[in-house]
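A.B. asks: Those protein sequence lines, which keep their order, are chains A and B. Going by this note's numbering, the residue at position 22 of the first sequence is 22; the numbering climbs one at a time, nothing skipped. Going by this note's numbering, the residue at position 182 of the second sequence is 182; the numbering climbs one at a time, nothing skipped.
Hints are computed from structural coordinates only; laboratory data are not their basis. There may be inaccurate statements among the hints.
Short derived list, chain A residues pointing at chain B, Cβ under 8 Å [stated by the list, open to error]: (1) 26; (2) 28; (3) 32; (4) 50; (5) 52; (6) 54; (7) 179.
Note that CB positions come from ideal geometry on N, CA and C, so glycine has one too.
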Amino acid sequence: MEYLIGIQGPDFVLVAADNVAASSIIQMKHDYDKMFKLSEKILLLCVGEAGDTVQFAEYIQKNVQLYKMRNGYELSPAAAANFTRKNLADYLRSRTPYHVNLLLAGYDETDGPGLYYMDYLSALAKAPFAAHGYGAFLTLSILDRYYRPDLTREEAVDLLKKCLEELNKRFIMNLPSFTVRLIDKDGIHDMEKLPVAPGG
Amino acid sequence: HMCMYVCGTASEFDRDSAFHFLFPPWQCSRKNRVPTLFSSTFSSLSPNQQPFQLSHGTTTLGFIFQDGVIAAADTRASCKGLICCPISQKIMPIHSHLVVNTSGSSADCMLWEWILTHEMRLYQLRHRKRLSVNGAAKLLSTMLHPFKDQNTKNVLSTFGGRSGPRVCYVCSDGLQLKGEIISVGSGSPYAYAVLDDGWRWGMTVDEAVALAREAVFRATHWDAYSGNNVDLFHITAHGWRRRDREDLKEEYYRERERKSKKIKEREKERQKREGDELGEGDIYSVHCG
Chain A
1 MEYLIGIQGP
11 DFVLVAADNV
21 AASSIIQMKH
31 DYDKMFKLSE
41 KILLLCVGEA
51 GDTVQFAEYI
61 QKNVQLYKMR
71 NGYELSPAAA
81 ANFTRKNLAD
91 YLRSRTPYHV
101 NLLLAGYDET
111 DGPGLYYMDY
121 LSALAKAPFA
131 AHGYGAFLTL
141 SILDRYYRPD
151 LTREEAVDLL
161 KKCLEELNKR
171 FIMNLPSFTV
181 RLIDKDGIHD
191 MEKLPVAPGG
Chain B
1 HMCMYVCGTA
11 SEFDRDSAFH
21 FLFPPWQCSR
31 KNRVPTLFSS
41 TFSSLSPNQQ
51 PFQLSHGTTT
61 LGFIFQDGVI
71 AAADTRASCK
81 GLICCPISQK
91 IMPIHSHLVV
101 NTSGSSADCM
111 LWEWILTHEM
121 RLYQLRHRKR
131 LSVNGAAKLL
141 STMLHPFKDQ
151 NTKNVLSTFG
161 GRSGPRVCYV
171 CSDGLQLKGE
181 IISVGSGSPY
191 AYAVLDDGWR
201 WGMTVDEAVA
211 LAREAVFRAT
221 HWDAYSGNNV
231 DLFHITAHGW
241 RRRDREDLKE
251 EYYRERERKS
261 KKIKEREKER
271 QKREGDELGE
281 GDIYSVHCG
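Take these sequences, add in the hints, and give me the full structure.
C.D. replies: Pasting the structure below:
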């Protein structure tokens with residue numbers, strides 16, 4: 001019932017995740033953050049089985065930070081994505097596979113913005129837009145229809161809002177709010193939580 | 001563990017369900033995990049494929065407010081249909097400022113409480129300071145990780161020096177949450193309903209205690225696997241204080257009496273009002289208001 005979405009623009013990546021932490025039929029938390037900051041310009045969005053998400057994401061997070069401490073410079077998003085994929089793949093055929101679906105979003109000085117889609121079988125793909133969860137079935141066609149590689153930031157946020165409206169309309173689960181973040185050359189920016197509460 | 005069906009039966013969610021074609025078949029390394037509509041969210045623990053599992057026969061809750069933390073729980077230990085112990089203690093103090101409520105198999109709960117107590121004491125002796133509640137939650141979470149299939153849930157309630165009142169939920173499947181109101185067990189939905197309605201940060205201690213008592217009482221009324229007495233702990237900067245154990249059976253009869261008294265009073269008032277209206281000669285001259 002969790003939902004992740006990412007949209008890449010010419011010089012930024014916009015990502016959003018829902019805020020619900022659920023345990024069977026109860027919403028235990030309404031403001032749960034599913035994004036993990038790997039470095040100044042890389043975010044890892046992680047959903048999946050209850051304990052695996054935090055364990056795996058924190059493991060990757062600490063390793064990326066360790067790389068920076070040892071070598072003095074940060075991993076690029078492509079390198080971080082491939083590192084994550086390798087780890088997930090190594091655990092896949094062990095006795096303790098991690099059942100997690102990930103989106104990795106980052107900005108690189110040389111390569112620009114990058115959005116990487118990874119699923120629990122550790123398939124990695126660099127994509128202009130991506131989504132995880134049941135909500136993805138409802139929103140991928142909207143993204144297909146309206147996405148252009150030269151979106152401005154406002155247009156990307158509008159596209160995101162369209163997707164969330166569709167979820168509100170058709171998705172069986174109530175996902176009341178989403179954390180939204182934008183990554184560009186200046187780092188990670190927190191944006192207003194969506195959907196905006198109705199003004200009345 | 002007792003499992004409850006509320007909506008539909010397991011067969012609605014088996015391999016022939018309409019949603020099954022949408023997913024690629026995957027190898028389940030943990031046994032009994034079958035792809036179903038809800039399988040991506042539910043942990044792999046359900047031995048039967050159920051829509052959801054609320055198998056911990058208990059109601060236990062913890063919440064924070066301006067004057068500390070309240071931790072409350074019922075005292076019934078059940079084994080399928082038998083009440084094994086009507087006076088068990090589900091809230092265990094770990095140290096003067098930390099209290100743990102657990103749900104799940106009683107044996108597992110006792111073991112983990114004991115292990116957590118002595119690990120925290122060792123930490124305190126080695127590092128000359130107490131482990132914070134986040135640290136305790138992380139420690140418990142890491143210790144429970146190899147026993148993922150064990151299906152225990154814990155609520156850690158604490159009042160820390162720097163961090164203030166904190167309540168933290170740790171589940172053996174790895175979920176770890178910090179929040180303001182946490183409730184676990186089969187009676188937790190009923191308790192949540194009462195807590196969500198009455199909780200405010202600015203409550204007084206009496207209001208908070210009354211709210212916690214009410215929540216456990218309502219849950220024990222509806223849930224067969226919770227009942228008997230209610231235990232209440234209040235944790236402040238000075239440490240935890242335990243309220244006397246209270247038998248909820250009396251509360252049930254008291255509430256019935258209160259309700260019947262209230263109905264009688266309302267009936268009297270209504271009769272009085274009607275009597276007044278009839279007493280006035282011309283009903284059109286009655287002044288309403």
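A.B. asks: Would you mind marking each hint as holding or not holding in the structure?
C.D. replies: Status of each hint after checking the structure:
{"no.": "1", "hint": "26", "in the structure": "holds (6 Å)"}
{"no.": "2", "hint": "28", "in the structure": "holds (6 Å)"}
{"no.": "3", "hint": "32", "in the structure": "holds (7 Å)"}
{"no.": "4", "hint": "50", "in the structure": "holds (4 Å)"}
{"no.": "5", "hint": "52", "in the structure": "holds (6 Å)"}
{"no.": "6", "hint": "54", "in the structure": "holds (7 Å)"}
{"no.": "7", "hint": "179", "in the structure": "violated (16 Å)"}
When each numbered hint is compared with the structure, a violation occurs for hint 7 only.
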